[in-house]
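Protein chains: 4
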Amino acid sequence: MVRLPDVQALVPDTAYKLNRVGVSGVRKLVRVRRPGLDEDIVLTVTFDISVDLPPTMKGSHMSRNVEAVSEILERATATPVEGLENLTLQIAKETLRRHEYATEAEVKASADYFLERKTPFGTLSTEWFTLIAEARATSKGEARKLVGIEATGMSACPCAMETAKSLRGDHAPGPGLTHNQRNRGMLIVEVPEPVHVEADRLVDIIERAQSAPTFELLKRRSEGELVLLAHDHPRFVEDVVRGILHGILEAYPDLPDEAIIYARSISEESIHKHDAYAVRETTVGELRRAPA
Amino acid sequence: MVRLPDVQALVPDTAYKLNRVGVSGVRKLVRVRRPGLDEDIVLTVTFDISVDLPPTMKGSHMSRNVEAVSEILERATATPVEGLENLTLQIAKETLRRHEYATEAEVKASADYFLERKTPFGTLSTEWFTLIAEARATSKGEARKLVGIEATGMSACPCAMETAKSLRGDHAPGPGLTHNQRNRGMLIVEVPEPVHVEADRLVDIIERAQSAPTFELLKRRSEGELVLLAHDHPRFVEDVVRGILHGILEAYPDLPDEAIIYARSISEESIHKHDAYAVRETTVGELRRAPA
Amino acid sequence: MVRLPDVQALVPDTAYKLNRVGVSGVRKLVRVRRPGLDEDIVLTVTFDISVDLPPTMKGSHMSRNVEAVSEILERATATPVEGLENLTLQIAKETLRRHEYATEAEVKASADYFLERKTPFGTLSTEWFTLIAEARATSKGEARKLVGIEATGMSACPCAMETAKSLRGDHAPGPGLTHNQRNRGMLIVEVPEPVHVEADRLVDIIERAQSAPTFELLKRRSEGELVLLAHDHPRFVEDVVRGILHGILEAYPDLPDEAIIYARSISEESIHKHDAYAVRETTVGELRRAPA
Amino acid sequence: MVRLPDVQALVPDTAYKLNRVGVSGVRKLVRVRRPGLDEDIVLTVTFDISVDLPPTMKGSHMSRNVEAVSEILERATATPVEGLENLTLQIAKETLRRHEYATEAEVKASADYFLERKTPFGTLSTEWFTLIAEARATSKGEARKLVGIEATGMSACPCAMETAKSLRGDHAPGPGLTHNQRNRGMLIVEVPEPVHVEADRLVDIIERAQSAPTFELLKRRSEGELVLLAHDHPRFVEDVVRGILHGILEAYPDLPDEAIIYARSISEESIHKHDAYAVRETTVGELRRAPA
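Residue numbers (the working numbering), protein chains in the order written: chain A, 81 to 372; chain B, 81 to 372; chain C, 81 to 372; chain D, 81 to 372.
Quick caveat, the hints were computed from the structure, so don't treat them as lab data. Any given hint could turn out to be false.
[Unchecked claim] With a Cα cut of at most 20 Å, we get these calculated EDC-like pairs of lysine to aspartate or glutamate:
hint	chain 1	residue 1	chain 2	residue 2
1	D	K299	B	E180
2	A	K299	C	E154
3	B	K198	D	E151
4	D	K353	A	E151
5	A	K188	A	E230
6	C	K173	C	E222
7	B	K188	C	E348
[As the list claims (entries may be wrong)] To be clear about the criterion: a stretch of chain D counts as covered by chain A if any three or more of its residues have a C-beta under 8 Å from a C-beta of chain A, and this derived list gives those stretches:
hint	stretch
8	98–105
9	179–185
[To be verified] Computed beta-carbon distance windows for the label pairs:
hint	chain 1	residue 1	chain 2	residue 2	range
10	B	E162	D	E196	22 to 32 Å
11	D	E196	B	A89	27 to 37 Å
12	B	D337	C	A370	35 to 45 Å
13	B	D120	A	E222	53 to 63 Å
14	D	K220	B	T203	29 to 39 Å
15	D	L90	A	E151	50 to 60 Å
16	B	G249	A	T206	31 to 41 Å
17	D	D93	A	A158	28 to 38 Å
18	D	D93	C	E222	49 to 59 Å
19	D	D86	A	R369	27 to 37 Å
20	C	L90	B	T199	28 to 38 Å
21	D	D334	A	E222	55 to 65 Å
22	B	G249	A	R248	17 to 27 Å
23	C	D312	D	T157	31 to 41 Å
Glycine is no exception: its CB is placed at the ideal position from the N, C-alpha and C atoms.
Based on the provided sequences and hints, a complete structural model is requested.
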């Protein structure tokens, strides 16, 4: 049999370590279990999977990253995993195991995600979100996993509302005309064992922080009611981020102080051609110490 | 000297004609002249350039498409062309000339485009649009060219406005709360010689058809005034398209009946996760015959 | 009870008919049945759904488009539909039924699609494709449906291969060095009753027309074998389109002459910053009459 | 005169500081000077501009970010700035000055960028790149600026080349068949005063690290020669990153140890549906200390 050369294991011409070497845009059909649901959820997940590379190696054996995903997904077909974040951590560990020269492995995953939501008008509606998961495993035994959601809701501007009321000579309390638009709220949170975070509650937290959620199907009356709801809760992009931060602290008091939190809000401004955005990256502990 | 084989001129295994064969995503820096402007305009244009291919040819010599662009742009460096639509027609003709086996050539071009606009508040603002041009030349001497604009403005929903007023028990005339959002209005029109259409007037036509234009810089007062302006002109996506059609007929009475018109409006609905859109493709003649 | 106004039914200011009015980017989880498969397939489908609008109507009731999708999908939950193309036709018919003023309805759908493929190396691999479906229903009883696939394979340039061999003084038959790259092949075909087209066979047809298929997991040897395979089958973008046309005619002799065919091939050229592409839009009958 | 309320200056409901609050996707036409060039360069730049926000402020006055860009660009119209990186730093400083409550301002900018390049075949060709600039100013007087390039070249896989040669029984030295594809190489480097980095030299560094550059116009012979060039320099994504790191150290010995370097390479794999990538983020000092 022909012996094939291992070009990756050669010593490179110039010896620099690399932070991340891997594959991106790997699409896979994934079956996960959510606690409390009868049926498994089927997701079309896009993965990025990388390891670090020491200066002594010319290349990383990238097929091993794809093998790691495949192996973990195959195991999960027999026994579905609870939550995409646990799956990504398993993939990170398996990827690290297969690259004996690496000291860490990182996995990022995202998928379209559908949830049945109750509208403020009493009906049920299946709505679309983005489910996010990230994991990191190191040769020192570190194992981190994060879960997140991006939800497209609505933001109505509190500043333009006050100005427009002033310009119209309207000094009564209550809502007034303003610009409103799609707001994409994102919350990603680290979930150290044994904390479990439900993606559905992340959706709740984000939607409550926005002026209003959005729905795919609105009849005339519910469309009007949603407009009123949004105008009763005018929010800057900044307000959405702070609302998300406040919501996660309240909903998950058992999150440890070291847990990482990333919150972002993007308003696709209806009065401008550009977007407005706000971001906070921090730990649960730092948030808890924030001035009330 | 080595004689290189002309693989494209070989007879293909299976003999089918092809409608369009070419290159897409060719980016070029282009200098055009607009009448009435002192300075030439510099545009970063993305081109698609294709010809048809007879069943007797294995391949099209695609480097000739890129050569045609380069040649025309080089000539234009010495003597700037008036308008991107004229440039695309020149490229189409030159491309056709270089493919002796083709019966037609098509060129599509688009570019970020900046115009100084007067705001409703009396100030000047440089705003971003997309400039579009298309051309087609045939071996029978047909030569068509089209010019277009896409403009991001605002649409405020007239239906939700009436519903929200009803729900609040507000029966006075005048504007009320509603959802509003980015509306992308597009107008592309054929400009047979000697008709000349100014891109700036296309912007006017689109912006007047929308609820309001958008601006990059709005101070507190002008932001409020823009909100009032949009609510004074609630528009469905359908209204925007009809307004565009009406506007182009009024502004250019000298357009011949055969001239092609394409009008489109997309509202990035703030109350939904999906978009709403409306399209009309027709000729000037058909529009003129429409019931008033 | 408050009576809400029907703003859409008002007469518009300017009376022009519109070709297409609807919603785009509606994402839904869809369950379809493929003949011969034990399990239903779960797809994340993105829909565009539109109707025409007469000049006498200000707006189209767009919530009815979303209702039509929801209703058909709900029915399909109880009794899964065979094929996305049949589902889109059902949605088109239901949408038309709900818009009494419209004369036609159009539905476009696309979804990530996973198939277990046999590699040339004897292993099995789950590969990603894009599944496409389109349908059109008219008030005159016309009912068209199309099904299609986009598949990312490989193209190796036959022209550069001959040139590079010449430049190296290599005049032996057989493969030589050339540029190769991702080629996205697309085939969409009308499927009038009772013709049934399997998406899996469309994948076969496209992949055979390309220089080689691509695979997510390749170990060292199979990577080398795939490289050899591609170089044994050098293909222009034009060759890929002709191969697709030839393949569909051979595979489905029962397709009627009126059936529409759309074939496209895009090579993301590794030696250029732009893409090369080729397109053929025609009917089965015209292809059959083509010179052999 | 009506006094308009300053809603942004209100105390928020929940008091959390925010890391970044600002605008993204602001498009502007920018005129910059490059040393040694007769003519100014006109760029269509997309800006992101943000500041941090203390817990005591409800909102950031975002119109000030747009004002800062406009003001700096207006000044630059009279006296063109040398380099986009200097312009972004001026915008960062001006943005910080206008937000008295902020402690830092960040600006990111990117633009299509065209350079006349000499091909290996002796001809000249205007090629497209992406120009990148970033800047950060703090209330403590910190002022950082970075400049970067992304260049689309070619990578030919060294591993598949060896395997394919083995499989064909070819044991001679020299190039062999392999998969090749578009490789996007990126290099961003901090340029502390008085170091000046020419974008054109960054292009050189990246293109030399890739298997070959790409060109928009290649005639038959030069296409063949480019294929040979690429196969004479097979490169992993990892090799491209290391080559970039090596190149920047060699080309700019005056860069201080603290200067930040970011190098990335993405290969759009022709044999897979996913991409391969490699990244190194570090400082010049750390690279210099790397094992040779």
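Evaluation of the provided hints:
A hinted pair counts as satisfied when its Cα atoms are at most 20 Å apart, and D:K299 with B:E180 qualifies at roughly 17 Å. Between A:K299 and C:E154 the alpha-carbon distance is near 18 Å, which keeps this suggested pair within the 20 Å criterion. Of the pairs offered as hints, the one joining B:K198 and D:E151 holds, with about 18 Å between alpha carbons and a cut-off of 20 Å not exceeded. Between D:K353 and A:E151 the alpha-carbon distance is near 19 Å, which keeps this suggested pair within the 20 Å criterion.
Restraint check for A:K188 and A:E230: the C-alpha separation of about 15 Å stays at or below 20 Å, so the hint holds. A C-alpha spacing of about 10 Å is found between C:K173 and C:E222, which places the hinted pair at or below 20 Å, so the restraint holds. Restraint check: the Cα-Cα separation between B:K188 and C:E348 comes to about 19 Å, which is no more than 20 Å; the hinted pair holds. Under a criterion of three residues with beta carbons nearer than 8 Å to beta carbons of chain A, the stated coverage of the stretch 98–105 of chain D is upheld, 8 such residues being counted.
For the stretch 179–185 of chain D, the stated coverage by chain A is not satisfied: 0 residues place a CB nearer than 8 Å to a CB of that chain, which falls below the threshold of 3. In this structure the hint that B:E162 and D:E196 lie 22 to 32 Å apart at CB holds, the actual value being about 26 Å. Between D:E196 and B:A89 the C-beta distance comes to about 32 Å, which sits within the given range of 27 to 37 Å. Between B:D337 and C:A370 the beta carbon distance is about 36 Å. The supplied range of 35 to 45 Å therefore holds.
Taken as a hint, the range 53 to 63 Å holds for the pair B:D120 and A:E222, whose Cβ atoms sit roughly 59 Å apart. Separated by about 35 Å at the C-beta atoms, D:K220 and B:T203 satisfy the suggested range of 29 to 39 Å. Range check, D:L90 to A:E151: about 54 Å between beta-carbon atoms, so the 50 to 60 Å window is met. Between B:G249 and A:T206 the beta carbons are some 33 Å apart, a value that agrees with the proposed interval 31 to 41 Å.
For the pair D:D93 and A:A158, the supplied restraint of 28 to 38 Å is violated, since their beta-carbon distance comes to about 49 Å. Distance hint check for D:D93 and C:E222: the Cβ-Cβ separation is about 57 Å, which falls inside the suggested range of 49 to 59 Å. Checked against the hint of 27 to 37 Å, the C-beta distance between D:D86 and A:R369 comes to roughly 29 Å, which is consistent with it. For the hinted restraint 28 to 38 Å between C:L90 and B:T199, the CB-CB distance of approximately 31 Å keeps it satisfied.
One distance hint, 55 to 65 Å for the beta-carbon pair D:D334 and A:E222, is violated here, with the actual separation near 38 Å. For the pair B:G249 and A:R248, the supplied restraint of 17 to 27 Å holds, since their beta-carbon distance comes to about 18 Å. A beta carbon spacing of about 59 Å between C:D312 and D:T157 contradicts the range 31 to 41 Å that was offered as a hint.
In this structure, the earlier hints numbered 9, 17, 21, 23 are contradicted, and the remaining ones agree with it.
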